[in-house]
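**Student:** Chains as they are written, first to last, in the numbering used here: chain V, 1129 to 1497; chain H, 24 to 234.
Hints may be right or wrong, so weigh each one.
No farther apart than 20 Å at their CA atoms in a straight line, the calculated lysine-lysine pairs in the PhoX-like style are these [as the list claims (entries may be wrong)]:
| no. | chain 1 | residue 1 | chain 2 | residue 2 |
| --- | --- | --- | --- | --- |
| 1 | V | 1497 | V | 1461 |
| 2 | H | 37 | V | 1309 |
| 3 | H | 158 | H | 37 |
| 4 | V | 1334 | H | 213 |
| 5 | V | 1373 | H | 213 |
| 6 | H | 37 | H | 223 |
| 7 | H | 37 | H | 122 |
| 8 | H | 122 | H | 74 |
| 9 | V | 1233 | V | 1162 |
| 10 | H | 138 | H | 158 |
| 11 | V | 1236 | V | 1157 |
| 12 | V | 1236 | V | 1162 |
| 13 | V | 1264 | V | 1373 |
| 14 | H | 233 | V | 1309 |
| 15 | V | 1397 | H | 58 |
Since the hints were derived computationally from the structure, they do not count as laboratory data.
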Amino acid sequence: MFDFFGSMPTEDRLIFELSKLYEQYGYRKFCMAKFEEYSFYSDNRDFLSGEGVIAFNNSDGRLMALKPDITLSIVKNARIDKNTCTKTYYNENVYRISQETNDYKEIKQSGVELMGNIDSYSIGEIVTLALKSLQKIDSDCVLCLSHMAFISAVLDEMKLPATAKEQIIFCQRNKNAHDLKAVCDEYSIEEKYVEYFTALTSLNGKFDEVLQGLRYISMNEATDKACDELEEVYNTLCSVSLGNKVQLDLSVVNPSSYYNGIIFSGYVKASPTPVLAGGRYDNLASKIRKGIGAVGFAVYLDNLNLHYPVESETDCDILILNKSEHSDITLMKAVEDFISQGYSVRVEKEIPENFKAGKTMAFDGKEVK
Amino acid sequence: MLNIALPKGRLGDKVYERLASIGYDCSEIYADNRKLVFESEENNVRYLLVKPSDVAIYVARGAADIGIVGKDILDEGDFDLYELLDLRLGVCHMCVAAKNDYVEDHNRPIRVATKFPNIAKRYYSSFNREIDIIKLNGSIEIAPLLGLSDVIVDIVETGTTLKENNLRVYEKFLPISARLIANKSSYRFKGDVINDITQKLREQLIKEGKI
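Start from the sequences, fold in the hints, and give me the full structure.
**Tutor:** In structure tokens:
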């Protein structure tokens, strides 16, 4: 019997399943134009973390760009109400330079953005949706939670030059305690901060245990508050039986200054790279629209067909070899009959190369045998 | 099963000895053959012997969970990996070297011959010096001797090759050594065993007074 969803390539199936998931939580689809004015991206270059933008001249001479990012466009174009929330999701392609090939690549993305008046429920809902999105890809998944305050609130207090901050963030992202020490020596960083950042590189694992460690090394009011926020999110996930899929990992850091709260990245077992990333980005949202908050995530769908191939025993349930030059109506009726019984049918003159049919039949001009 | 990418050669041998001594041995590796994959079901590890410059790619793409690679390869590429430990093996420096009588001409870009164009570009751009990169794949020392370049940017361990070719080090700028790296996704799903290896190797280094 023909199983349409079961035989669908993983990426296509996920677009349907993720859309359904987001619609179930009241999110509405956001369709956008393929291009934006180039100046929009150059004004928000920090958010794009150095990824190249493909630019071209429009028919009226304006410099346009193929979208390297969806979030920016949604924040700019959505009708946002300061007092309530705008909940949107998307299935779009973005165009960026691939880290692996150093060439432009089309990347298929789905994601959700929640903008407006953000409260703790909103954050809990987004993180829950992120984990449920991962589960749609593979039940063997992990969501790594972190909070930007552990890095940014402490770096701000230290008043370091921008290059030192960049190097410290780079070491955090790579769990690189040895080079972190060298950076701290170079900038004569106070011992209490060296110990703090070194501890951060190794703090990861089960949420409860790591949170305890985090509270112990917490440096200021902002990091205390970040611990409380993380705990609140974790409790939300536990309340929907998703707590066992969460790890707390302080190496999840976004170098963009636009992120300001909870951040996270998601992994599934068969993919060597994260398939989901997101977090709270009030700093970006309020830059484009004053006073609003925002939180969201993107699911990277490209390469999932490679890591999760759909293996089907047959290309089609029934292959009918049409040996006749006439009686198209009889053949068409037979095809319709098989389809109405739930089979997939392909009509050919000869058996196509490398084609696997569940059953091969022939039409002699009178009947299908 | 944990997949470990080891660099073929002396460094790989040294690292294997260390891994074997902390309980991740695979006796099959001593067999005199041309196999490149060795497996120990008992210790739940599989060793992959690969070209040193390819270790990071194997790990980044998930073909190996962890690996041992020189800092020069990591800095030359752009890999999104965890760098868990400096193993203090194969210690050397990335250096700028030139002929013994070299004097820099500030009126023109410096011609730099190197196997590491990204590292060289980053180094010179840090003080805004314009350069002309000449990418070579080996025998870099010959470039300034033949007038192909003004300087070379290369790894220097003892300096003997430089000396024998009438070259000397002008600037040491990047310490290099072997690093233990891990794939970020593997770390999520095999974190316990990866942390066990990292911790035991760190304890060895502490015992030897290296860290």
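**Student:** A separate judgement is required for each hint: does it hold in the structure or not?
**Tutor:** Now for the hints, and whether the structure bears them out:
1. Distance hint between residue 1497 of chain V and residue 1461 of chain V is fulfilled; the C-alpha atoms sit about 14 Å from each other, no more than 20 Å.
2. For the suggested pair residue 37 of chain H and residue 1309 of chain V, the alpha carbons sit about 25 Å apart, so the restraint of at most 20 Å is broken.
3. Under the criterion of a C-alpha separation no larger than 20 Å, the hint pairing residue 158 of chain H with residue 37 of chain H is inconsistent with the structure, at around 30 Å.
4. The hinted pair formed by residue 1334 of chain V and residue 213 of chain H meets the criterion: a straight-line CA distance of about 13 Å does not exceed 20 Å.
5. For the proposed pair residue 1373 of chain V and residue 213 of chain H, the alpha carbon gap of about 14 Å is at most 20 Å, so the pair holds.
6. Between the alpha carbons of residue 37 of chain H and residue 223 of chain H the distance comes to roughly 15 Å, so the proposed pair stays at or under 20 Å and holds.
7. Taking the CA atoms of residue 37 of chain H and residue 122 of chain H, the gap is about 34 Å. The hint is violated against a cut of 20 Å.
8. At most 20 Å may separate the alpha-carbon atoms for a hinted pair to count; residue 122 of chain H and residue 74 of chain H exceed this at roughly 31 Å.
9. Our distance criterion of 20 Å between C-alpha atoms is met by residue 1233 of chain V and residue 1162 of chain V, whose separation comes to about 15 Å.
10. With a CA separation close to 6 Å, the supplied pair residue 138 of chain H and residue 158 of chain H stays within the 20 Å bound.
11. With a CA separation close to 16 Å, the supplied pair residue 1236 of chain V and residue 1157 of chain V stays within the 20 Å bound.
12. For the hint linking residue 1236 of chain V to residue 1162 of chain V, the alpha-carbon distance of about 13 Å falls within 20 Å, and the restraint holds.
13. Among the hinted pairs, residue 1264 of chain V with residue 1373 of chain V is consistent with the structure: their alpha-carbon atoms are about 13 Å apart, no more than 20 Å.
14. This hinted pair checks out: residue 233 of chain H and residue 1309 of chain V have alpha carbons roughly 15 Å apart, not beyond 20 Å.
15. Our distance criterion of 20 Å between C-alpha atoms is broken by residue 1397 of chain V and residue 58 of chain H, whose separation comes to about 28 Å.
Hint compliance for this structure: hints 2, 3, 7, 8, 15 are not met, and every other hint is.
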